[in-house]
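Use the sequences and the hints to build the structure in full.
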Amino acid sequence: MSNTPAGTTPRPGGVNQIGLTKNDYRGNPSTLCQGCGHNSIASQIIAAIYELSLQPESLVKFSGIGCSSKSPTYFLNRSFGFNGLHGRMPSLATGALFADRTLRGIGVSGDGDSASIGMGQFKHIIRRNVPMVYIIENNGVYGLTKGQFSATAEQGLELKKQGTNPYLPIDIAWEALVGNATFVARSFAGDPKQVKELLKAALAHKGIAVLDIISPCVTFNNEDSAMHSYVWGKDHEIALHDLAFVPKAEEIIVEDYEPGEAREVTMHDGSTVLLRKLERDYDPTDRAHAIEVLEKANCDQCLLTGLIYINPEPPSLIEINNLPEEPLNRLSPERLRPPVESLDAVNATLF
Amino acid sequence: MTQQPVPEAQMAGDRAPIINDFTISVGTVNGSGSQTSNATLLRAMFKMGIPVAGKNLFPSNIQGLPTWYDIRVSKDSFLARKDERDIVVAMNPDTFAKDQADVVPGGAFFYDDKIRQPIIRTDISVYPMPVKKLVTDSGAPTNLRDYIANMVYVGALAFILGIDMEKIFAALTYAFKGKKKAIDLNFSVVQAAYDWFATNLIKTDPYLVKPMAEVCEECVLSDGNTAAALGSLYGGLQFCAWYPITPASSLAETVIEWMPTLRKDPETGKLTCAVVQAEDELAAVGMVVGAGWGGLRSMTSTSGPGLSLMAEYLGLAYYAEVPIVVWDVQRVGPSTGLPTRTAQADITFSYFMGHGDTQHVILFPGSVHECFEFGWKAFDLAERLQTPILVLSDLDFGMNQWKTPRFKFPNQPMDRGKILWEEDLERLKGEWARYKDVDGDGIPYRTVLGNRHPAAAYFTRGTGHTENARYSEDPVVWENMLNRIKKKWDIARQIVPKPYVENYGNKIGFICVGSTEPAVQEARYLLEQENILTDYMQIKAIPFTDEVEKFILAHEKNYIVELNRDGQLHQLLRLEYPEVAKAMVSLAHLDGMPLTARWVVKAYKAVEGK
Numbered sequence: 463m464s465n466t467p468a469g470t471t472p473r474p475g476g477v478n479q480i481g482l483t484k485n486d487y488r489g490n491p492s493t494l495c496q497g498c499g500h501n502s503i504a505s506q507i508i509a510a511i512y513e514l515s516l517q518p519e520s521l522v523k524f525s526g527i528g529c530s531s532k533s534p535t536y537f538l539n540r541s542f543g544f545n546g547l548h549g550r551m552p553s554l555a556t557g558a559l560f561a562d563r564t565l566r567g568i569g570v571s572g573d574g575d576s577a578s579i580g581m582g583q584f585k586h587i588i589r590r591n592v593p594m595v596y597i598i599e600n601n602g603v604y605g606l607t608k609g610q611f612s613a614t615a616e617q618g619l620e621l622k623k624q625g626t627n628p629y630l631p632i633d634i635a636w637e638a639l640v641g642n643a644t645f646v647a648r649s650f651a652g653d654p655k656q657v658k659e660l661l662k663a664a665l666a667h668k669g670i671a672v673l674d675i676i677s678p679c680v681t682f683n684n685e686d687s688a689m690h691s692y693v694w695g696k697d698h699e700i701a702l703h704d705l706a707f708v709p710k711a712e713e714i715i716v717e718d719y720e721p722g723e724a725r726e727v728t729m730h731d732g733s734t735v736l737l738r739k740l741e742r743d744y745d746p747t748d749r750a751h752a753i754e755v756l757e758k759a760n761c762d763q764c765l766l767t768g769l770i771y772i773n774p775e776p777p778s779l780i781e782i783n784n785l786p787e788e789p790l791n792r793l794s795p796e797r798l799r800p801p802v803e804s805l806d807a808v809n810a811t812l813f
Numbered sequence: 004m005t006q007q008p009v010p011e012a013q014m015a016g017d018r019a020p021i022i023n024d025f026t027i028s029v030g031t032v033n034g035s036g037s038q039t040s041n042a043t044l045l046r047a048m049f050k051m052g053i054p055v056a057g058k059n060l061f062p063s064n065i066q067g068l069p070t071w072y073d074i075r076v077s078k079d080s081f082l083a084r085k086d087e088r089d090i091v092v093a094m095n096p097d098t099f100a101k102d103q104a105d106v107v108p109g110g111a112f113f114y115d116d117k118i119r120q121p122i123i124r125t126d127i128s129v130y131p132m133p134v135k136k137l138v139t140d141s142g143a144p145t146n147l148r149d150y151i152a153n154m155v156y157v158g159a160l161a162f163i164l165g166i167d168m169e170k171i172f173a174a175l176t177y178a179f180k181g182k183k184k185a186i187d188l189n190f191s192v193v194q195a196a197y198d199w200f201a202t203n204l205i206k207t208d209p210y211l212v213k214p215m216a217e218v219c220e221e222c223v224l225s226d227g228n229t230a231a232a233l234g235s236l237y238g239g240l241q242f243c244a245w246y247p248i249t250p251a252s253s254l255a256e257t258v259i260e261w262m263p264t265l266r267k268d269p270e271t272g273k274l275t276c277a278v279v280q281a282e283d284e285l286a287a288v289g290m291v292v293g294a295g296w297g298g299l300r301s302m303t304s305t306s307g308p309g310l311s312l313m314a315e316y317l318g319l320a321y322y323a324e325v326p327i328v329v330w331d332v333q334r335v336g337p338s339t340g341l342p343t344r345t346a347q348a349d350i351t352f353s354y355f356m357g358h359g360d361t362q363h364v365i366l367f368p369g370s371v372h373e374c375f376e377f378g379w380k381a382f383d384l385a386e387r388l389q390t391p392i393l394v395l396s397d398l399d400f401g402m403n404q405w406k407t408p409r410f411k412f413p414n415q416p417m418d419r420g421k422i423l424w425e426e427d428l429e430r431l432k433g434e435w436a437r438y439k440d441v442d443g444d445g446i447p448y449r450t451v452l453g454n455r456h457p458a459a460a461y462f463t464r465g466t467g468h469t470e471n472a473r474y475s476e477d478p479v480v481w482e483n484m485l486n487r488i489k490k491k492w493d494i495a496r497q498i499v500p501k502p503y504v505e506n507y508g509n510k511i512g513f514i515c516v517g518s519t520e521p522a523v524q525e526a527r528y529l530l531e532q533e534n535i536l537t538d539y540m541q542i543k544a545i546p547f548t549d550e551v552e553k554f555i556l557a558h559e560k561n562y563i564v565e566l567n568r569d570g571q572l573h574q575l576l577r578l579e580y581p582e583v584a585k586a587m588v589s590l591a592h593l594d595g596m597p598l599t600a601r602w603v604v605k606a607y608k609a610v611e612g613k
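Protein sequences, first through last, are from chains U and L.
Here the first sequence stands for residues 463 to 813, where the numbers follow my numbering.
Here the second sequence stands for residues 4 to 613, where the numbers follow my numbering.
Accuracy of the hints is not assured; some may be wrong.
Derived contacts from chain U toward chain L, CB cut-off under 7 Å, selection only [unchecked claim]:
{"id": "1", "residue": "Thr556"}
{"id": "2", "residue": "Lys696"}
{"id": "3", "residue": "Ile782"}
{"id": "4", "residue": "Asn783"}
{"id": "5", "residue": "Asn791"}
Rather than coming from a laboratory, the hints here were simulated on the basis of the structure.
Backbone N, C-alpha and C fix where the C-beta goes; we use that ideal spot for every residue, glycine too.
What follows is the structure, given as structure tokens:
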């Protein structure tokens, strides 16, 4: 990103601010198809976390079941991970994040995992504002079971052996927005730079950060006319803004922008998301406007990308539970078991 | 308060008094506040030192349907429910005819005199109660009249039976948490009814209560859900996720109630436990698995329908070896069943739960005190064995008041099981594997979330994995892994709670689990009066321990008594001890009602052709 001051983004083959190389953030080799969008996203996850100089051990990965849910094995080998059940990753992540609140959670899911079987848990992890990055790698099909329609597939999509999809689609970014998510973004695996910057912003967000990333399935749904294909995406993408994430330690190069040309959103940890205006002046903190713009884009068959909505303020689920600052899973038994005297008082309340 | 001695001279006929040995059955409308009046009767007699038990037979409804409360008063401590309704109180016109018809010959029938249905029985003592008049006279505000109307039968029974009015006052004080206005208003109605009866009615029935010396200093009244919640908190519960379901809701709600008092961290003043009300049971168990995997003592509580939803995650927890605790407060199934009726019908489901080869450790608390004890023990077992622990309670335990010793502080330190932290990994120079059986007992070591040692992290999955938790479809790897998990069963057998056994060397043994104990013990006593001598065992866990085997082998016939249709415990015992399957006889039934001794005796005799 040309606006980032030189010297902070690590040079290729170099080390980041905590002395780690990019290799320290990698996972196992991918077993997904060549050209799969999920691989591109995994690369950007590695790049983003490396560039942010986060300790790999300070992150925890979650996924459900599906091609997308296999991808956490392909990044961050040094982080704990749990590949759970189909559609049930949100509950798993919610419980796990109570164990050590100093960790950042990343969940990877797919459109089958989150918009079909997982729709309920998806909605509820949003309404609880569970602090994690929640990525849906959205390709309109069930890849791992060989190409059935998913709930995000457009009406009229034709797939080999499946025929024509008769149903109306679910829009994941829309569902997140109306579900009261405090951070909603959409991107496209064919726009890796934007994916990376959005990932950085998501990692700085203290609540739930939903990223709906169109991630084409080269094997089952990549016809140029299909909504989830690379070609369609590139042709129909409308970016809301040109986005850059600026860590707290760095300064924004002000002289690159004319007054009014860029918006800043300050995150609770002091970092900034810089949004350079493109066709319009889009305010991602205005929820009603976000809903209107997204609805119009869907009607106009545009793939709207960028930071659609953000509210950095609301407390996360962990914060509202009045827990100690230190990890709950490290408390010693004496701090967990009430003292013996307290039981006398308890017994005294019984008749 | 005024209290007169019961006018024994006025008792009709030459019937001998029946003291501390009868049933009281109160029929009211649910939602009318009769829970308070019924509990007051129970508590007052309890405080007189008399062994009592109360069973709430309530409908799946908020307001307006019939509900009954059955109190067993037993000087010999036979506290199982009895079918025979000795003293009946009829406040509900809808059930008046049935209530009257049920009274035993020679019994007593109290009723709200606004009910204008005919009195048909001539063989019982009949006591009409001027409820409306007494309520109006009390001056209670209109919105409270329906509630305090129930206090009239408290006063009536107090007079007729000789219940100590001071104890009634104490019971009301407890019920209304010391709020003077409410206590005084309710007691005034009790007193007014007492006085009215003393003045206007003659006692013609034989029933009396008298204080007993065996006031159990160590005893209190409590219910199983309260016990379980408190036990869990004393077990170091750190995370609870739940979804409301009858009859389990009060378990989680009691955790929430006591958390701020009991679980405030001495160092930071913050809470060391979190509770999340999930959107359904799928999510509740998912959260609990996530938390357990993360290294927290985590628990959920539910009933049959919720347990069905939890099957998938329980299978994952079994195979990925994640410690969790699941309380099932059993109710009648299948399906929605009878939500407000008790059962022991989730036994085989719990044991086999999950597709593929699974077998789960189950605890059967045998008393309200054991609900407390297993509340904390379950976590030690879960973390030691790295597996889910299912605790099977039931509605009868969970929602009724039982006499219980005061809860005893855990007598063992918390066992966090085999966990490796940074220092341990340093010591091992990072050489370890999540699913490797290094000690030969089938139980591997685990690391948990947040461990900063570079060798700590691993990827957990429900798919086939190697000892290093890496994905594998290798057939040898799979088979070895699942067999190694099964090895843990042998350790479980050694450390789960042992049965309670009474072995006098008789040829016949009665076996049960949980809340059926009072009925089985009373049945044994009744059979003893007919010279049929029996031994007894109350099983407290699966895997069945060596003591269970020993008892079964020592008896020519073992009668397994349980509240389900198909004899589920019987099935599992026969599976475990096939050589002596013929020596095991099933005495099982399920109608949703708490078991009676009469049923057990009848069933035994039917099987024996007697």
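> Among the hints numbered above, which are violated by the structure, and what are their numbers in rising order?
Replying inline: Numbers 2, 3, in rising order.
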